[in-house]
Amino acid sequence: MSEIPSELKYTKSHEWVRTEDDGSLTIGITDHAQELLGDLVFVELPDVGDEMSAEDAACVVESVKAASDVYMPVNGEITAVNDALADAPETINDSPYDDGWLFKVSPSSSDQLDDLMDADSYETEIED
Amino acid sequence: MSQQTVLYDKHIEYGGKIVDFAGWDMPVNYGSQIEEHNRVRNDAGMFDVSHMTIIDLTGEGVKAFLQKLLANDVDKLKHSGKALYSCMLNEDGGVIDDLIVYYMNDNWYRVVVNAATRDKDMAWIDQQSTGFDIEINERTDLAMIAVQGPKAREKAIEALPVDVVEAVSELERFYGCDCGEWFVGRTGYTGEDGFEIMLPDTEAPAFWDRLSEVGVKPCGLGARDTLRLEAGMNLYGTDMTENTSPLISGLGWTLAWEPESRDFIGRKAIQKERETGVQQKLVGLVLEGKGVLRGHQKVIVEGIGEGETTSGTFSPTLKQAIAFARVPKETGDSCEVEIRGKRLPAKVIKPVFVRDGKPTWQ
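Order-wise, the sequence lines are chains V and B. Residue 1 is where the first sequence starts when you use the working numbering, and the numbers rise one by one after that. Residue 1 is where the second sequence starts when you use the working numbering, and the numbers rise one by one after that.
It should be emphasised that the hints constitute simulated quantities derived from the structure, not laboratory data. The structure displayed is predicted, hence computed values, not measured ones. Hints may be right or wrong, so weigh each one.
Said to hold, decoys possible - Among the chain V residues that face chain B by a calculated CB cut under 8 Å, a handful are: (1) 38; (2) 71; (3) 86; (4) 88.
To be verified - With a Cα cut of at most 25 Å, we get these calculated PhoX-like pairs of lysine-lysine: (5) B/298 x B/268; (6) B/298 x V/104; (7) B/290 x V/12; (8) B/329 x B/350.
From the three backbone atoms N, C-alpha and C, an ideal C-beta is built for every residue, glycine too.
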């Protein structure tokens with residue numbers, strides 16, 4: 001069974017969102033998503049400073065099997081990216097919620113976070 | 001309705017992730033495709049290929065029939081068990097399928113064709129057989145397991161029934177042997193040594209367990225694809241189709257032009273193509289930087305023209321992206337591939353990327 005940490009928020013497109021103490025958001029793909037994709041071999045990260053809207057394609061993760069877009073969960077600006085993934089994309093398979101994070105966002109407002117799913121709803125979502 | 005091979009329950013038991021492949025529920029991997037790939041390059045892995053179609057052609061007219069049906073010439077097969085790779089062409093010179101044919105004796109050849117093309121192949125073979133004294137017998141009673149890798153034969157021999165071991169231990173490369181109910185070919189689709197073992201459906205699940213017990217790792221169709229691509233082996237349906245001739249698919253070497261009197265199906269069309277000048281070629285691409293090549297990406301050859309990748313992947317052995325591409329025949333040793341709007345430089349090489357676990361072009 002996929003791991004779904006209870007303190008995170010989730011999207012239908014299998015991103016997870018963690019609210020940090022300073023109000024910024026850290027984003028990655030879920031354990032379920034990395035299982036579906038299989039061995040990851042390439043990550044194309046956004047540029048720091050990019051401003052994007054919710055549901056924009058922010059980056060691309062590719063496994064041996066397929067390429068998949070990762071979407072912005074909210075409106076905001078990219079403030080950091082996980083450069084370590086360039087040489088070790090398999091980190092996303094090994095540690096999707098910690099070392100395998102993708103990018104950080106300064107959200108335009110906090111309202112959109114309420115539209116995201118909690119762990120229970122996400123679990124129901126992926127069971128369907 | 002999805003079809004399942006007799007090993008389906010084994011795939012579930014061994015943790016296989018099941019996907020649809022040409023109407024069959026098949027394991028794409030059992031956890032990690034890269035691990036499975038590396039296991040075949042370094043040790044031994046096994047693949048369920050029971051979805052492939054095995055056809056026995058028997059009768060007095062079988063050789064003459066195959067000399068008409070196939071673009072390669074079964075007359076090259078002089079010794080019992082010898083195998084031959086060939087294309088089966090349509091009248092326009094397009095590829096209906098690629099296949100392996102084993103010569104068993106003058107009245108018996110065994111042919112293995114792709115799963116995805118089973119229906120059209122059977123219909124075509126049946127239609128072309130009019131007037132030949134042959135019988136066509138599809139062997140749906142047989143399962144097939146490919147055991148591949150540098151240690152594949154050694155490990156398979158530990159698992160095979162004693163009477164089969166005797167027959168296969170001296171088997172030469174690209175030969176098959178008929179061992180009663182079982183049939184073992186020293187063939188494969190990974191670029192490694194190994195066996196393709198055909199056996200009665202009923203005995204396949206227990207044999208799968210025995211192979212696992214002697215250390216042969218179950219591998220999915222995902223690893224099969226990356227292995228065959230590294231080895232420079234075409235995949236039907238992507239690298240060649242009914243709309244591409246063998247001459248622009250890297251398969252010219254499989255065409256037997258001599259003797260000129262052999263009038264195989266498609267000969268007139270490809271002969272004409274050869275005489276008027278072949279305009280494209282199939283090459284191998286190695287992406288210089290990071291990224292992943294896939295099928296159907298645009299290839300730009302500066303000052304010459306454009307082409308397209310036919311299949312691509314990330315090579316676990318080379319840790320670089322590789323692809324086959326159909327490009328203008330004047331293409332030199334470099335090109336660019338367009339990936340998500342960006343042009344990335346790639347090296348152009350002969351389409352064989354890995355031999356004996358090492359890059360072929362360095």
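Checked hints:
1. 38: Hint holds; residue 38 of chain V Cβ to chain B Cβ min 5 Å, cut 8 Å.
2. 71: violated (15 Å)
3. 86: holds (7 Å)
4. 88: Hint violated; residue 88 of chain V Cβ to chain B Cβ min 12 Å, cut 8 Å.
5. B/298 x B/268: violated (31 Å)
6. B/298 x V/104: Status violated; Cα separation ~33 Å.
7. B/290 x V/12: The hint is violated at about 29 Å.
8. B/329 x B/350: Measuring from Cα to Cα gives roughly 13 Å; hence the hint holds.
In this structure, the earlier hints numbered 2, 4, 5, 6, 7 are contradicted, and the remaining ones agree with it.
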